[in-house]
Amino acid sequence: MFHLQRRRCSCRSAFTLVELLVVIAIIAILVGLLLPAVQSAREAARRMTCSNNLKQVALALHLYHDIHRSMPVSMTGSDQFDDGTAGSGFHSWMARILPQIEQTALHQQIHFETSLADRTDYSTDADYADFAMSSSHVDAGPAAAIVATYLCPSDPESVPQFSLGIQTAPGSYAANIGWPRQSVGPGVTTPLKKQNGVIGLLNPQSSDSWQQPRVRMADITDGLSNTMAVGERVIAQVFESADAFGTTNISQHTPISMQSFCGGGSTGRSLQNWVRYCDSVSLADAHYSISHGHAWITGWTFAANHFMPVIPVNQRNCHVYGGEDDGMNLVTLSSHHVGGVHVAMADGSVRFMAEQIDRELYWAQGSRNGSEVLSAP
Numbered sequence: 001m002f003h004l005q006r007r008r009c010s011c012r013s014a015f016t017l018v019e020l021l022v023v024i025a026i027i028a029i030l031v032g033l034l035l036p037a038v039q040s041a042r043e044a045a046r047r048m049t050c051s052n053n054l055k056q057v058a059l060a061l062h063l064y065h066d067i068h069r070s071m072p073v074s075m076t077g078s079d080q081f082d083d084g085t086a087g088s089g090f091h092s093w094m095a096r097i098l099p100q101i102e103q104t105a106l107h108q109q110i111h112f113e114t115s116l117a118d119r120t121d122y123s124t125d126a127d128y129a130d131f132a133m134s135s136s137h138v139d140a141g142p143a144a145a146i147v148a149t150y151l152c153p154s155d156p157e158s159v160p161q162f163s164l165g166i167q168t169a170p171g172s173y174a175a176n177i178g179w180p181r182q183s184v185g186p187g188v189t190t191p192l193k194k195q196n197g198v199i200g201l202l203n204p205q206s207s208d209s210w211q212q213p214r215v216r217m218a219d220i221t222d223g224l225s226n227t228m229a230v231g232e233r234v235i236a237q238v239f240e241s242a243d244a245f246g247t248t249n250i251s252q253h254t255p256i257s258m259q260s261f262c263g264g265g266s267t268g269r270s271l272q273n274w275v276r277y278c279d280s281v282s283l284a285d286a287h288y289s290i291s292h293g294h295a296w297i298t299g300w301t302f303a304a305n306h307f308m309p310v311i312p313v314n315q316r317n318c319h320v321y322g323g324e325d326d327g328m329n330l331v332t333l334s335s336h337h338v339g340g341v342h343v344a345m346a347d348g349s350v351r352f353m354a355e356q357i358d359r360e361l362y363w364a365q366g367s368r369n370g371s372e373v374l375s376a377p
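Residue numbering for the sequence shown follows full-length UniProt numbering, starting at 1 and increasing by one per position.
Just so you know, these hints were derived from the structure itself, not from any lab.
Each hint should be verified, as a subset may be incorrect.
What the hints assert, rightly or not - Now the in silico label distances, taken between C-beta atoms and shown as ranges:
1. I24 <-> S349: 46 to 54 Å
2. K193 <-> S225: 32 to 40 Å
3. T49 <-> T16: 19 to 27 Å
4. D358 <-> L21: 49 to 57 Å
5. K194 <-> S280: 52 to 60 Å
6. N273 <-> R69: 49 to 57 Å
7. I24 <-> H107: 41 to 49 Å
8. H107 <-> R214: 16 to 24 Å
9. R69 <-> S280: 41 to 49 Å
Unchecked claim - Each computed SDA-like pair below joins lysine to any residue, with the alpha-carbon atoms no more than 20 Å apart:
10. K55 <-> I67
11. K55 <-> E43
12. K55 <-> A44
13. K194 <-> A44
14. K193 <-> Q167
15. K194 <-> R214
16. K55 <-> K193
17. K55 <-> A148
In this text, all values refer to a predicted model and were calculated from it rather than measured experimentally.
Yeah, the Cβ is synthetic: ideal placement off N, Cα and C, and Gly gets one too.
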C-alpha cells in the first residue's frame with residue numbers, strides 16, 4: 001500500500017488539450033507579428049543591393065569614359081549579317097562596360113564582330129519582335145552568363161529566360177537615351193535636333209542625323225548630379241492568351257509596367273502629348289512587351305536595355321512601329337519596390353525616385369542639355 005501511494009505521487013501531469021491549443025495560438029500570433037518585420041528587413045537588404053549595383057554601373061560608365069573619352073552607345077556590332085538586316089544582332093552598352101565591373105574575362109569571350117542574332121529573318125511579326133539566338137552561336141555562352149551586378153534581387157524574374165535556343169541572362173537596368181525624336185518639353189521650345197540622353201544612341205547599319213553616338217561628360221551641361229544615367233526597369237513576365245481568331249493578347253494579370261502600347265508613327269509631339277496619347281491606347285502589343293530585360297547582352301531596342309524618361313514611373317511603356325531602327329521605344333522606369341525606383345545620376349550618386357515625382361522634374365532630369373532650372377525639393 002505504501003509503495004502504490006508513492007508511485008502515484010511521482011507521476012507528472014501532461015498538458016491538457018486546451019493548454020496546448022493556447023500555446024500554439026500564442027506562437028502563431030508571435031510568428032504573425034514577426035513575419036512582416038522579417039520580410040521588411042529582407043526587402044530592405046534587397047533594395048540596398050539593388051542600389052549598390054546601380055552605383056557600380058554608374059561608376060563603370062565613368063571608368064569607360066576615362067578610357068574611351070565618351071560614353072558607350074546603345075548598340076554596337078558588325079554591319080554584315082548572313083541573313084540580312086538584324087537589329088537584334090547588336091551588342092548592348094552593358095556588354096561594353098564589362099571590364100569596368102570586373103568582368104574582363106566575360107568581355108573577352110564576346111565576339112563583337114559577329115551578329116548576336118543568327119536566326120532572325122523578319123518574315124513574321126513574331127520574328128520581328130523576338131531576339132533569336134541558337135545554342136550553337138559563338139556567343140551563346142556569354143549571352144547565358146548571369147552578371148549579378150546587372151540584376152536587382154527584388155525582381156522575381158532575375159533568372160535566365162528562354163530565347164529560341166538558349167537561356168539568355170536577364171538584366172534589371174536600363175540607360176537613359178533621352179526624349180523621343182523631335183519632342184519638346186521643359187527648357188526645350190523647339191523640336192529636338194539631336195538625341196539628348198546620357199548614353200549615345202546608334203544603329204551601326206542605319207545612320208541618322210538625330211542620333212548622337214558620341215556623348216561626353218562635357219556634353220551634360222545640365223549638371224551630372226541633375227541628369228539620370230541609369231535606372232531600374234522590371235524584367236517582363238507577360239501572360240499571353242489567344243482569342244478565337246488566334247490573335248495573341250496580353251492577359252489582364254500582366255502588370256501595367258510590363259506592357260507596351262503603340263504610340264503611333266508621329267514623332268513631333270510635346271512630352272505631355274506623348275503621355276496623353278500613350279494613355280489613350282486600350283490594348284497592349286504582346287510582341288513588343290515580352291522581351292523587356294530578357295537579355296542584357298543585346299542592344300536590340302525591344303530588349304529595353306535603354307529607356308526614355310517620358311511616361312511616368314511604374315506606368316505603361318509605349319513603342320512606335322518602326323522605331324527599333326532609331327531607338328524610338330518609350331520604355332519607362334519601373335521596379336518591384338514599393339513607391340518608386342532607384343536611379344543612378346550621371347555623377348555616380350544613386351537616388352530613390354518616387355512614383356509621384358513631378359513630371360516636369362522627371363523630364364528635366366532625363367535631358368542632359370535642356371538648361372532647365374527645376375530642382376528636386
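| task | Taking the numbered hints from earlier one at a time, note which ones the structure violates and give those numbers from smallest to largest. | result | Checked against the structure, the hints that fail are numbers 2, 3, 5, 6, 7, 13, 14, 16, while the rest are satisfied.
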